[in-house]
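Could you put together the complete structure from these sequences and hints?
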Amino acid sequence: MRQQINLFQDELRERKAVLPGRQVVFALLAVSALCVLAALWMTQRAATPRDELLRVNGALAERQASVAELGGRLEARQPDAALAEQARHLERRLQHLRRLVDIASRPAADAPLSTFVAGLGRQRPQGLWLRGVHIGNGGADLVLHGSVIDADLLPVYLEGLGREKAFAGLSFGELDIVRGGDDGRWLDFSVIAGCKHGGCTTDGGEVR
Numbered sequence: 033m034r035q036q037i038n039l040f041q042d043e044l045r046e047r048k049a050v051l052p053g054r055q056v057v058f059a060l061l062a063v064s065a066l067c068v069l070a071a072l073w074m075t076q077r078a079a080t081p082r083d084e085l086l087r088v089n090g091a092l093a094e095r096q097a098s099v100a101e102l103g104g105r106l107e108a109r110q111p112d113a114a115l116a117e118q119a120r121h122l123e124r125r126l127q128h129l130r131r132l133v134d135i136a137s138r139p140a141a142d143a144p145l146s147t148f149v150a151g152l153g154r155q156r157p158q159g160l161w162l163r164g165v166h167i168g169n170g171g172a173d174l175v176l177h178g179s180v181i182d183a184d185l186l187p188v189y190l191e192g193l194g195r196e197k198a199f200a201g202l203s204f205g206e207l208d209i210v211r212g213g214d215d216g217r218w219l220d221f222s223v224i225a226g227c228k229h230g231g232c233t234t235d236g237g238e239v240r
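Just so you know, we're using the working numbering here: the sequence shown kicks off at 33 and counts up by one.
Check before you lean on any hint, since a few could be wrong.
Estimated spans, in silico, between C-beta atoms of each pair [what the hints assert, rightly or not]:
| # | residue 1 | residue 2 | range |
| --- | --- | --- | --- |
| 1 | ALA97 | ASP184 | 53 to 59 Å |
| 2 | GLY192 | ASP220 | 53 to 59 Å |
| 3 | HIS121 | GLY192 | 17 to 23 Å |
| 4 | ASP208 | GLU123 | 21 to 27 Å |
| 5 | LEU185 | GLY205 | 17 to 23 Å |
| 6 | GLU101 | ARG154 | 49 to 55 Å |
| 7 | GLN158 | GLU206 | 22 to 28 Å |
| 8 | ARG211 | ALA150 | 29 to 35 Å |
| 9 | THR147 | ARG217 | 31 to 37 Å |
Just so you know, the hints here were simulated from the structure itself, not pulled from any lab data.
Fair warning: this is a prediction, and the values are worked out from it, not measured in the lab.
Glycine included, each C-beta is placed from N, C-alpha and C at the ideal position.
Here it is, written out as structure tokens:
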């Protein structure tokens, strides 16, 4: 049994979906907008590293210029003679204080060494500093090594020591003064009091 079907009938034909013209236009506009946004986003991503690199290079150039300028200033600076002399003076004062601390830490036989150190500390005329101190026989023997800018300060200093209770009765019997420093701007002195039994000497600048 055969059956004939007429394929040309309208209800049997395959129908194709056809979009209205307005929807097609909206779709094209949407795609175009997405393409523009994507292009802008890609451009921004590519531009950001370049801008950052330019900023870093600019900052680096500024730092290099600052370093070069500072280096030029340091090379142009000349040694300050007054500052160097002040540093040497402070170093001598520091050594003097260290010696006083060393003296104060030594045990005393008859009288506390702090008494003698206190007396030395109260007599500190400007322009005079000690480099060495020897106290022996319970304070009966005293040897001082130091420097002074003005020779007139030395008698004033010794008179001041004589008024200290710790050094009362001492007689300064030996005094040596020589020019000190490369330019002779100060005087080095050594003075001895007591040492009646020949136990002290300033030969070579050392106490014996």
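A quick look at each hint next to the structure:
1. ALA97 / ASP184: 53 to 59 Å: holds, 56 Å
2. GLY192 / ASP220: 53 to 59 Å: violated, 20 Å
3. HIS121 / GLY192: 17 to 23 Å: holds, 21 Å
4. ASP208 / GLU123: 21 to 27 Å: Check passed, 23 Å falls within 21 to 27 Å.
5. LEU185 / GLY205: 17 to 23 Å: Taking Cβ atoms as reference, LEU185 and GLY205 lie about 20 Å apart, which means the hint holds.
6. GLU101 / ARG154: 49 to 55 Å: Holds, since GLU101 and ARG154 (Cβ atoms, about 52 Å apart) stay within the stated range.
7. GLN158 / GLU206: 22 to 28 Å: Once the Cβ atoms are compared, 26 Å apart, the range 22 to 28 Å for GLU206 and GLN158 holds.
8. ARG211 / ALA150: 29 to 35 Å: 32 Å Cβ-Cβ, so the 29 to 35 Å window holds.
9. THR147 / ARG217: 31 to 37 Å: Hint holds: Cβ distance 34 Å, inside 31 to 37 Å.
Of the numbered hints listed earlier, the single one contradicted by the structure is hint 2.
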